[in-house]
Amino acid sequence: MSADNKEVVISVKNLRKSFGSLPVLCGVDLDIHQGEVVTVLGPSGCGKSTMLRCMNLLETPDSGDVVFRGTKINLPKADVTQARRRIGMVFQHFNVFPHLTVLENVTVAPVTNKMMSREQAEEKAVQLLQRVGLADKINEYPTKLSGGQKQRLAIVRALALEPDVILFDEPTSALDPEMVVEVLDVIKELACSGMTIVVVTHEMGFAREVSDRVVFMYGGRIVEEGTPEEVFDHTKNERAKDFFRKVIRV
Amino acid sequence: MIQNIILILQKYGLIFAQGLWNTVWLSLVSVLLGTILGVLIALGKMSGVKALCKVTGIYIEIIRGTPMLLQLYFFWLALPSLIPDIPDIVCILIALVINASAYIAEIIRAGIQAVDAGQTEAALSLGMDRRNVMTKIIFPQAVKNILPAIGNEVIVMIKNTSLASTFFIGELMTAYKKVQSSTFLALEPLTISGILYLFLTITLSRATHHLEVRLKANER
Numbered sequence: 001m002s003a004d005n006k007e008v009v010i011s012v013k014n015l016r017k018s019f020g021s022l023p024v025l026c027g028v029d030l031d032i033h034q035g036e037v038v039t040v041l042g043p044s045g046c047g048k049s050t051m052l053r054c055m056n057l058l059e060t061p062d063s064g065d066v067v068f069r070g071t072k073i074n075l076p077k078a079d080v081t082q083a084r085r086r087i088g089m090v091f092q093h094f095n096v097f098p099h100l101t102v103l104e105n106v107t108v109a110p111v112t113n114k115m116m117s118r119e120q121a122e123e124k125a126v127q128l129l130q131r132v133g134l135a136d137k138i139n140e141y142p143t144k145l146s147g148g149q150k151q152r153l154a155i156v157r158a159l160a161l162e163p164d165v166i167l168f169d170e171p172t173s174a175l176d177p178e179m180v181v182e183v184l185d186v187i188k189e190l191a192c193s194g195m196t197i198v199v200v201t202h203e204m205g206f207a208r209e210v211s212d213r214v215v216f217m218y219g220g221r222i223v224e225e226g227t228p229e230e231v232f233d234h235t236k237n238e239r240a241k242d243f244f245r246k247v248i249r250v
Numbered sequence: 251m252i253q254n255i256i257l258i259l260q261k262y263g264l265i266f267a268q269g270l271w272n273t274v275w276l277s278l279v280s281v282l283l284g285t286i287l288g289v290l291i292a293l294g295k296m297s298g299v300k301a302l303c304k305v306t307g308i309y310i311e312i313i314r315g316t317p318m319l320l321q322l323y324f325f326w327l328a329l330p331s332l333i334p335d336i337p338d339i340v341c342i343l344i345a346l347v348i349n350a351s352a353y354i355a356e357i358i359r360a361g362i363q364a365v366d367a368g369q370t371e372a373a374l375s376l377g378m379d380r381r382n383v384m385t386k387i388i389f390p391q392a393v394k395n396i397l398p399a400i401g402n403e404v405i406v407m408i409k410n411t412s413l414a415s416t417f418f419i420g421e422l423m424t425a426y427k428k429v430q431s432s433t434f435l436a437l438e439p440l441t442i443s444g445i446l447y448l449f450l451t452i453t454l455s456r457a458t459h460h461l462e463v464r465l466k467a468n469e470r
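As they're listed, the protein sequences go chains A and B.
With our numbering applied, the first sequence corresponds to residues 1 to 250, in that order.
With our numbering applied, the second sequence corresponds to residues 251 to 470, in that order.
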């Protein structure tokens, strides 16, 4: 699945960001191609989540470009809201809407954004909820759901807008261990269906299995990238070697 | 004493009934109008427009930083110089509304900011515009924090209206003063007014608690 000749969906160029005096991103370049699954790895504090959050401008970069489908979107006059409708995001802490039912959680954005009629949105939502095994929870409130179910709901909520790419920000880090698999399975299925995916994760097995490309960040920079084999098995980068030694127990 | 209370109630019951009614409507109207003004002030303070944040911030600071009795005096003295035949009760009501609005603005701001920031991020990531994020996602959750706190504000206001008795505007403390000056009995009418205040505040705090439980029914 070489992605080099495919269209670039989203890219960041020379991205820099500091929180106060603390530099978090020190010049990051990354292109995400159509249909590609890119995993971003690295020790905590290396800037991987910040980079991901810059891609849909939940964080505003200090300098550099965020380019979506050939248009720079981190400009004051750029229509960020429109771009976000095509860039899905799934959060570590799910961030499902507690005051809405499962079905409403999925339909609220397409309906209020006037992208679909209520009927269309509901039909689509039911379909997607069935696909992730939440069909029987449609009229429940999220408080009745387990962590894994909430995260599957959050994934469906993002999918309902039919985005061009989905950003996953540590989607399984807040889950109890027995629920990690059910969420990873949904992401795997998405990956296989051709969805373009960027995922920040600590799940090394998952990264190796589904990624087309693995990116390793350290100190606000991408210090290694390549296929899973290249990065996990043959990296020359000392930082990466050290990191994998610590996180992968054989 | 109990005998005296019964005698007073027989003779001056109407004055206390009027006092009760005046206390209730003054508190409710000032909180209601104060809420409308408070929403505007809270929106101003959260608008991100520097001048607006500053002005609303100063407004809240002044109102919350000075005694209510001083504010009552201020409006009672200042307003008639602008509008010569303004009735006392209107001056007092305006003072009460302005006082309530500052506290309620802070209640609303706190209620909105208590909603997890992740909710805003999620809604923004779904391409919802700022207005829809507020009206569809944040405000419906914030109301659960705001309504019970406004209920408490009504209770506070019921007690605060007693300060308006300085201007003899006919609420429960004025009722006490009237009866006291006609009967030369102090403790008995004061007890009656006290019991009526307690009746109001206890009923309202029960109602507020009930509301709070119902609003949180969907959450844990």
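Don't take every hint at face value.
Keeping only pairs whose Cα atoms sit at most 30 Å apart, straight-line, the calculated DSS-like set for lysine-lysine is [unchecked claim]:
{"no.": "1", "chain 1": "B", "residue 1": "Lys466", "chain 2": "A", "residue 2": "Lys137"}
{"no.": "2", "chain 1": "B", "residue 1": "Lys261", "chain 2": "B", "residue 2": "Lys427"}
{"no.": "3", "chain 1": "A", "residue 1": "Lys246", "chain 2": "A", "residue 2": "Lys188"}
{"no.": "4", "chain 1": "B", "residue 1": "Lys428", "chain 2": "B", "residue 2": "Lys409"}
{"no.": "5", "chain 1": "A", "residue 1": "Lys13", "chain 2": "A", "residue 2": "Lys241"}
{"no.": "6", "chain 1": "A", "residue 1": "Lys144", "chain 2": "B", "residue 2": "Lys300"}
{"no.": "7", "chain 1": "B", "residue 1": "Lys386", "chain 2": "A", "residue 2": "Lys124"}
{"no.": "8", "chain 1": "A", "residue 1": "Lys144", "chain 2": "B", "residue 2": "Lys304"}
{"no.": "9", "chain 1": "A", "residue 1": "Lys188", "chain 2": "A", "residue 2": "Lys241"}
{"no.": "10", "chain 1": "B", "residue 1": "Lys261", "chain 2": "A", "residue 2": "Lys77"}
{"no.": "11", "chain 1": "B", "residue 1": "Lys427", "chain 2": "A", "residue 2": "Lys77"}
{"no.": "12", "chain 1": "A", "residue 1": "Lys6", "chain 2": "A", "residue 2": "Lys144"}
{"no.": "13", "chain 1": "B", "residue 1": "Lys300", "chain 2": "A", "residue 2": "Lys72"}
{"no.": "14", "chain 1": "A", "residue 1": "Lys137", "chain 2": "A", "residue 2": "Lys241"}
{"no.": "15", "chain 1": "B", "residue 1": "Lys386", "chain 2": "A", "residue 2": "Lys114"}
{"no.": "16", "chain 1": "A", "residue 1": "Lys77", "chain 2": "B", "residue 2": "Lys386"}
{"no.": "17", "chain 1": "B", "residue 1": "Lys428", "chain 2": "B", "residue 2": "Lys261"}
{"no.": "18", "chain 1": "B", "residue 1": "Lys261", "chain 2": "B", "residue 2": "Lys409"}
{"no.": "19", "chain 1": "A", "residue 1": "Lys137", "chain 2": "B", "residue 2": "Lys386"}
Think of the hints as simulated: they come from the structure by calculation, not from any bench.
These numbers come from a predicted model, not from an experiment.
| Taking each numbered hint in turn, which are not upheld by the structure, reported in ascending numerical order? | Of the numbered hints given earlier, those the structure breaks are 6, 8, 10, 11, 12 and 14, listed in rising order.
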